[in-house]
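Required output: the full structure, derived from the provided sequences and hints.
These protein sequence lines map, in sequence, to chains A and B.
Under my numbering, residues 1 to 282 are what the first sequence spells out, in order.
Under my numbering, residues 283 to 665 are what the second sequence spells out, in order.
Hints in this document: simulated from the structure, not taken from any laboratory.
Here are the simulated DMTMM-like pairs of lysine to aspartate or glutamate, each with C-alpha atoms no more than 25 Å apart in a straight line: (1) 376(B) with 173(A); (2) 347(B) with 176(A); (3) 376(B) with 176(A); (4) 106(A) with 297(B); (5) 520(B) with 447(B); (6) 389(B) with 175(A); (7) 376(B) with 168(A); (8) 435(B) with 460(B); (9) 106(A) with 335(B); (10) 376(B) with 175(A); (11) 106(A) with 168(A); (12) 110(A) with 297(B); (13) 435(B) with 175(A); (14) 575(B) with 634(B); (15) 435(B) with 176(A); (16) 110(A) with 335(B); (17) 341(B) with 176(A); (18) 435(B) with 346(B); (19) 106(A) with 356(B); (20) 435(B) with 173(A); (21) 110(A) with 173(A).
Not everything, but these chain A residues come out facing chain B in the computed CB check (under 10 Å): (22) 171; (23) 172; (24) 173; (25) 174; (26) 176; (27) 178; (28) 179; (29) 183; (30) 187; (31) 191; (32) 192; (33) 196.
Being a predicted model, the structure only gives us computed values, none of them experimental.
All residues carry an ideal CB built from backbone N, CA and C; glycine is no exception.
What follows is each chain in one-letter form.
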Amino acid sequence: MSQSMSLPGEPVPVRVLSPGKVAVNLLLILCALFFLSPMIWLLVASVDTQASQQLEWPTLTLHQFEIAFNRNNMRALGNSLMLSIVATCVATIPSSIAAYSFSRHKIPGKNGILLSILFLSGVPISILIIPIYQIFQWADCLSLIPTAVFLGVTAMPFEIYVIKNAIDAIPLDLEEAARIEQASIVRILVRVIAPLCLPGIMAAAIYGFINTWGNFLPPLVLITDTVQQPSPVAIFGFMTADVVNYGAIAAYSLVYSTPVIILYIVMARLFRGGFVLGGAVK
Amino acid sequence: MPNVRFEHVSKLFGDHVAIRDLNFEIKEGEFVVFVGPSGCGKTTTLRMLAGLETPSYGKVWIGDKDVTLAPPGERDISMVFQSYALFPHMSVYKNLAFGPEVRGMQKSLISERVHQVAEMLDLGKLLHRRPSELSGGQRQRIALGRMMIRQPKIFLLDEPLSNLDAALRTTMRSEIMELQRRLAVTTVYVTHDQVEAMTMGDRIAVFKDGSILQIDTPRQLYQNPTNKFVACFVGSPKMNILPGSLSGRATAVKLGFAGGSIAFDAGRLAQPLALEEREVEVGIRPQDLHWIKDAPSRCGHRLGGVVSNIETTGPETYVVVDIQGTSIVSKFPSFPDIKFGQTVELALDLDDIYLFDRASGDNILGNRDKPTQADTKLPWAAG
Numbered sequence: 001m002s003q004s005m006s007l008p009g010e011p012v013p014v015r016v017l018s019p020g021k022v023a024v025n026l027l028l029i030l031c032a033l034f035f036l037s038p039m040i041w042l043l044v045a046s047v048d049t050q051a052s053q054q055l056e057w058p059t060l061t062l063h064q065f066e067i068a069f070n071r072n073n074m075r076a077l078g079n080s081l082m083l084s085i086v087a088t089c090v091a092t093i094p095s096s097i098a099a100y101s102f103s104r105h106k107i108p109g110k111n112g113i114l115l116s117i118l119f120l121s122g123v124p125i126s127i128l129i130i131p132i133y134q135i136f137q138w139a140d141c142l143s144l145i146p147t148a149v150f151l152g153v154t155a156m157p158f159e160i161y162v163i164k165n166a167i168d169a170i171p172l173d174l175e176e177a178a179r180i181e182q183a184s185i186v187r188i189l190v191r192v193i194a195p196l197c198l199p200g201i202m203a204a205a206i207y208g209f210i211n212t213w214g215n216f217l218p219p220l221v222l223i224t225d226t227v228q229q230p231s232p233v234a235i236f237g238f239m240t241a242d243v244v245n246y247g248a249i250a251a252y253s254l255v256y257s258t259p260v261i262i263l264y265i266v267m268a269r270l271f272r273g274g275f276v277l278g279g280a281v282k
Numbered sequence: 283m284p285n286v287r288f289e290h291v292s293k294l295f296g297d298h299v300a301i302r303d304l305n306f307e308i309k310e311g312e313f314v315v316f317v318g319p320s321g322c323g324k325t326t327t328l329r330m331l332a333g334l335e336t337p338s339y340g341k342v343w344i345g346d347k348d349v350t351l352a353p354p355g356e357r358d359i360s361m362v363f364q365s366y367a368l369f370p371h372m373s374v375y376k377n378l379a380f381g382p383e384v385r386g387m388q389k390s391l392i393s394e395r396v397h398q399v400a401e402m403l404d405l406g407k408l409l410h411r412r413p414s415e416l417s418g419g420q421r422q423r424i425a426l427g428r429m430m431i432r433q434p435k436i437f438l439l440d441e442p443l444s445n446l447d448a449a450l451r452t453t454m455r456s457e458i459m460e461l462q463r464r465l466a467v468t469t470v471y472v473t474h475d476q477v478e479a480m481t482m483g484d485r486i487a488v489f490k491d492g493s494i495l496q497i498d499t500p501r502q503l504y505q506n507p508t509n510k511f512v513a514c515f516v517g518s519p520k521m522n523i524l525p526g527s528l529s530g531r532a533t534a535v536k537l538g539f540a541g542g543s544i545a546f547d548a549g550r551l552a553q554p555l556a557l558e559e560r561e562v563e564v565g566i567r568p569q570d571l572h573w574i575k576d577a578p579s580r581c582g583h584r585l586g587g588v589v590s591n592i593e594t595t596g597p598e599t600y601v602v603v604d605i606q607g608t609s610i611v612s613k614f615p616s617f618p619d620i621k622f623g624q625t626v627e628l629a630l631d632l633d634d635i636y637l638f639d640r641a642s643g644d645n646i647l648g649n650r651d652k653p654t655q656a657d658t659k660l661p662w663a664a665g
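Structure, rendered in structure tokens:
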């Protein structure tokens, strides 16, 4: 401070706050509160004995969490994890290899294929559900793992696109440098390409995970055994014809969200350390 | 035995002929520079030698092996890319160790070799760093280190200095030359910079439009260029080109240029004059065109003109002189006492001029000098 005071010349008056800025920021805070209110309801209702659709001061209880943590609901959560992990692997591993081919190889009609892949990623799963049900019934595989495979496949078009873009960003020189060092294609994929497009692969994998995690209709239709049903279907079980247990829904929703939140926190760290293309080529 | 041989090699990209019928040899231990303007095919040729591109026609030989279709890994070459192509997710150590690891070298041997190379290139303190934390010059050194970590048959360098600033470029240039001399590995070096080519190469291949115009020693290239393009490409500043004509017969030949006509020694022509008159272009290097106050006594021919521009470099001054509508650069001593618009007289030794056919651009003079001892005594000749 003392140093800057000794500098010659008038200080330049920079206005930090203007009425316009204040107004805009207030408006944005209002919007944020609007979006925050359902979250607040979720937290409050989960510990309220009298939970209803209203957002109100709670009468504290942990009973709803006891319901959320009971055996059946935990099994549903386990099913959800199983479903999502299998689907993520099924989607991400082949997508990565396909994305590499699309990025690096000369494929006749490549643009057409890529465009149709992009188009397919926009097709809602629900319009496929009836024929898929019939195929599954015919093949006698109306259960958890085949459903996971199906959900994984539906995530593939988008994942191929995301990973292809990540691989496109890797300079070809790096691969050529590795080829000159006598590296095999597998080694180039594992040692050079995969580490460098890891952020892209992870983004795609998260998409694949969430895509399955939140899916309600396909598991409901394609899994006949109630013991194998995942969490979204279990939540539905809290709503019977005459009573809706809002408190239990809120409590179980929180439990159900936890794995995804953990996933994001872990991945956020990976993303931060992930972008390392700097220094490769100048 | 030649280490590298190209036999009628052509390369097509779609319908575009990128390389047209290349034939040349590179000897064991030789330092050959490919030089030419961008898009002339020099990098494509290097990539065909590396195995990163496959020729459309012809054969590429390394030693006595036909490697036309061999993948890069089987050619026993190492390469420095223009972009350096360092692996950004690996430390300097890992970058250097990548090749030996791929080839299954023992861990302790790798470590020994990496430290040896790091020592040679003064990289010892940087081994644990990532490429992104290093300066351009340091990255350049790592790329060189990766090339040197094994002793391949051939080093390939693709414009390795073009991303460095001028001062660093000069330093790295001599470092690379010294390294090559020490390791005595056959080297092919691509650049668009003629100064780099002249200073570094045992022989230089001048590329244009996918063909080699001339592959020769720097001295031959400078003194006996095969055509106008080579003559203008080599030397800085560029050779001046003036329209002129040869006339006469047998021994009595006259050369007309820049508004004058003088007797010309017909013995210097590669072939005697066939026609009464021949349209030519006269090439004069700026260094051979002297200010009258500074000219050696052998410079008998005089030209007069008006100063239209002055470029001061310090050790010398390049003055653009307008001679009958043609701008000509000539070398003056440092800080001469002249002004724009002033009339100056220039002196020239007719032995220093070059003559090219005006239509084809071919050099029509016979060899200027017999190659001297310095030219024939190349590294491979000794061993």
